[in-house]
Amino acid sequence: MEKSLFRFIWQYSARQQMVILLITVLSYPVSYILLELPKLIVNDAIQGELFPREVLGFEFDQISYLVLLCFAFLGLVILSNGIKLVLNVYKGRLGERMLRRLRFELFQRVLRFRLPHFKKVSSGEIIPMITSEVEDVGGFIGEAVALPAYQGGMLAVQIGFIFMQDPLLGLAAISSYPMQAYIIPKLQKKVVLLSRQRVRNVRVIADKIGESITGVSEIHANDASAWHSADLSDRLYTNYKIRFKIFNWKYFIKFLNNFMNQLTPFLFYLIGGWLVIEGNLSIGALLAVIAAYKDLAGPWKELLAYYQMVADVDVKYQTVVENFDPPDIYPVARLVTDEPEPLSGALALKNVSVSGGAAGQEAFDVTVTVEPDQHLAVIGPDGSGRSEVLQLAAGLLGPTSGRVEIGGRNLETLSESVLGRQIAYVGPSVHVWTGTVRDNIFYGLRHRPLRPPERTGERKADYARRLSEAQLTSNPQYDIEAEWEDLDALACADVDDLVEHALALIELTGLAADVFRMGLQATIDPESQPEFAEAILAARRALADRVAHDDRFSAMIELWQIDRFNNSASIAENLLFAAPADSSIGIDTLASDPDIEAALKESGLYTRLLEIGQKIAETMVELFANISDDSGLLGDYSFITQDELPEFERILRAAKIGSGKGGLTPTDEQRLIGLAFKLIPARHRLGVLDDDMRGEIVAARATFHKRMDEAERRFVVFDRDRFVAPMTIEDNLLFGRPRVDRRDAREKIDKVIRALVEEMELRRPIIRAGLGFHVGVAGSRLSAGQRRRVALVRALMKNAPVTILDETATGNSDDDKALRKVIREQLDGRMLLFGASNLIVAEEFDHSIVMNQGRMTESASGDDNAD
Amino acid sequence: MTLDSEVDALRRVPLFRGIDATKLRLLAFISDRTHFAPGEELCRQGEEGDSAFIILEGEADIRVSTPDGERTVARLGQHSIVGEIAILCDVPRTATVAAATEMDVLTVSKDDFLRLLKEFPDMSLEVMRTLAQRLERTTQDLAAQKASGAAA
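Heads up: the protein sequence lines correspond to chains E and P, in order. Anchor point for the first sequence: position 330 equals 330 in this note's numbering, and the numbering is continuous, going up by one each time. Anchor point for the second sequence: position 152 equals 152 in this note's numbering, and the numbering is continuous, going up by one each time.
Among the hints, a few may not be true.
[What the hints assert, rightly or not] Straight-line C-alpha distance at most 30 Å; calculated BS3-like pairs for lysine-lysine:
(1) E:Lys615 x P:Lys146
(2) P:Lys110 x E:Lys751
(3) E:Lys250 x E:Lys186
(4) E:Lys706 x E:Lys678
(5) P:Lys118 x E:Lys678
(6) E:Lys748 x P:Lys110
[Said to hold, decoys possible] Beyond 10 Å from chain E on every Cβ pair, some chain P residues (computed):
(7) Leu3
(8) Gly18
(9) Ala28
(10) Ala37
(11) Glu48
(12) Arg63
(13) Asp68
(14) Thr72
(15) Gly77
(16) Ala100
Keep in mind that the hints were calculated from the coordinates and are not lab data. C-beta: ideal position from N, C-alpha, C; glycine also.
For reference, chain E alone in the conformation it holds in the complex (with noise of 0.2 Å):
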């Protein structure tokens, strides 16, 4: 990577970088003319005689002469500031090409880097370089070279003037430059030593940071944060303290540069005053020396302040790349090539050693072959090599020494594009992306966009400008919005097949008991699946069907009927008895929604909800008023939460008051709503709701839904015979709810629903249905096991000629045999590496080697054990 700031700019921008200069250029006998113009207008137009005047053979009498020049002005100064806008523009997108070039340059650096190499840097500290460490570039880049150019020319056109007019004085102006040409680089040098320190420190804050970040449950387990603080006051003073340092350096040499500058002035009255006095130098050139001098100060300013300029951004940018040139980065081709051989044959690792790392993260001449249908188990307590073991065969680790094949070639020199298809690899920790689960297990077959959409129109035109731009700017032209998924590894026909297939292992894998969970809990478009949603209307009127015939089970629900009230559910869903189309519409929110309110109160229901808001306040001031916040009652139990408590007491005063000043505020109004709209009357018995209030809200659905019809669909009714989209799938199916004041109502209810969706052959849908669930950040919402189980999927969905699975069902558990069973058997006639601490695994695979503090200790062959 380009070294120095400069090199980088003239490499990738020297063409546009002559363009500016030329636009500068050209700009500047307009500026000149535009600043003759006005002195033209006075003197010749206004105060001039000799009327009438010949202009490009036209006569002009003084009046039309003087339209004829303020036009022309008129006209100079659109042109000028044309030119300015053009140019300023021009400048701007350069920059920000060239700083998305740069960007991408480092973050496909970041990808090159060898795995060893992110022990030593930590993301903390590379986000804040990619990210805004190099933003002042860009801004510098579109300046680089017009600037220096332009006022370095204007410089010695003013300087040759001085000189024409009088060497000496000539001498004099330009004698401060040897001066601040020696004195301030040694003075800048300082501030950029210190430019230095300062980005270090900042990264350092930032990784600390993002450190207490990722481990805050242990800063609170114990009780550590008053170190942390410190640890992160002590590097703020750093920075304070540097930053303090590079203030007083910087207006120093700004105090330095104006003095030097007003010395001249001095030595031009002191010898010029002189000469003139002598006889020697005429007033008058003395005059025009100094007014010419006055030009000289523009420019030589202008370039002290963009050497310092220089100097702020090189340094910013030096301090960033060099962290991204490791002598041992990938060849850039590793990632970018895109020819997918097969890999067949042998893997073989002969005398291979790998160090630099930690003790225990290291391996000896490890030499073993694996033919391409064996089953090897790898053995070796963590810290023996094992790990080490494995990656190298999976070629993510390259070794010091020795060599890594597969079918005699060497995987060092291989692209990703064979490595990364050929070889599926589960590590000791795995990683699920943010996403969907369907995202996660489609992950390993998403290597290059394989069919792109459809575009026309717009989308068309809009997608050409975007390849132009990667185009200009070395980015990739990957197409995001294609569809990824490789269906020929797995000879699947279209998307629907590769499905069916992730359902298959996930079956297999036992991930199916999860994501069918999940799949319950998942939300649906009836739209796209009309065939899953009539089924699942199927099974609800089925499940309606023993409700009706069950008493037992009849006891448990209640389900949703537009002539009934609903105790189990909220006085707000009872009224709408729909469910707002967008799911973050919480209750709190539903009370401030105008159309709401308008249909409240069209149907009366308003002040009586108002109402019943109150009660439910004064009967929770009343009980929770007492109470102290670590009790955990309130938060439990209340409709308010301890810190709304003293603003519903007002509330409850204001109310005392009624309408009027100092009554209920539209704002109150709606929090009483909103607390009359929780309440769920079979749990809350608060006694508030009296069979006519029910009767009330029953009949005043219809008013909602005659309003919901026209407030465009931001509602979905409770249609006993439609899919209701914004309910999960699960609530959809019960279309109803458990009962609270039946034991365990939920409980025997999910089993039913169970029993139910097995019967009616709907639990592969709902599974299907899982796959969309989305796992949180980075797979938060997922246990360790389920984690782990979707990186298995993920690898065996590669349906690789070779697969490495380190530390991945090794227990010894029921569940564990049994899953290691299903691997072998979806492996089977394929290579397969297992890697485990675990001794008793290698029991059950006919060839194993056994680690041991780096080296290969024992090599068990099937002959052992068989016959």
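Position chain P relative to chain E; hints supplied.
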């Protein structure tokens, strides 16, 4: 079925007799009201107990397992409390309680009750007083029994 009727029922329970009405309201509010069908069990003998049951409506059979099988030893009616020892200390259930008719029961969980006691120390005093009185009575009964035993 409102809080007030539940508070009423709670007030009739000797253990809660001295506690003032607001706190009983709170206790009622944080407790679960559950319906049981005839035959359904509230708790089983030998299980770890974690709640007390106050019968609001209906009747329950108390059954104890004997060498000859399960035997109904008592029938409890409205406003009776069952398993109140369980909300004060960890003991296994000494009998099985099953609904004899349709029943409405207020279930007071041990955790909630203890949290309330912690919150209102006055309440603990009242409970202690009731327990002490009960102990006193038991001691007297025992003494009387011994005395009559000695006399015999």
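These are the hints, each one checked on the structure:
1. E:Lys615 x P:Lys146: violated, 57 Å
2. P:Lys110 x E:Lys751: Cα-Cα ~28 Å, so holds.
3. E:Lys250 x E:Lys186: With Cα atoms ~12 Å apart, E:Lys250 and E:Lys186 stay inside 30 Å; holds.
4. E:Lys706 x E:Lys678: holds, 23 Å
5. P:Lys118 x E:Lys678: holds, 29 Å
6. E:Lys748 x P:Lys110: It holds: about 24 Å lies between the C-alpha atoms, which stays within 30 Å.
7. Leu3: violated, 6 Å
8. Gly18: Per Cβ check, P:Gly18 is outside 10 Å of chain E; nearest 18 Å; holds.
9. Ala28: violated, 8 Å
10. Ala37: violated, 6 Å
11. Glu48: holds, 16 Å
12. Arg63: holds, 18 Å
13. Asp68: Non-interface label on P:Asp68 holds, nearest chain E Cβ at 30 Å vs cutoff 10 Å.
14. Thr72: Holds, since 21 Å exceeds 10 Å.
15. Gly77: Given a closest Cβ separation of 20 Å, the condition holds.
16. Ala100: Given that every Cβ of chain E is farther than 10 Å from that of P:Ala100, nearest at about 17 Å, it holds.
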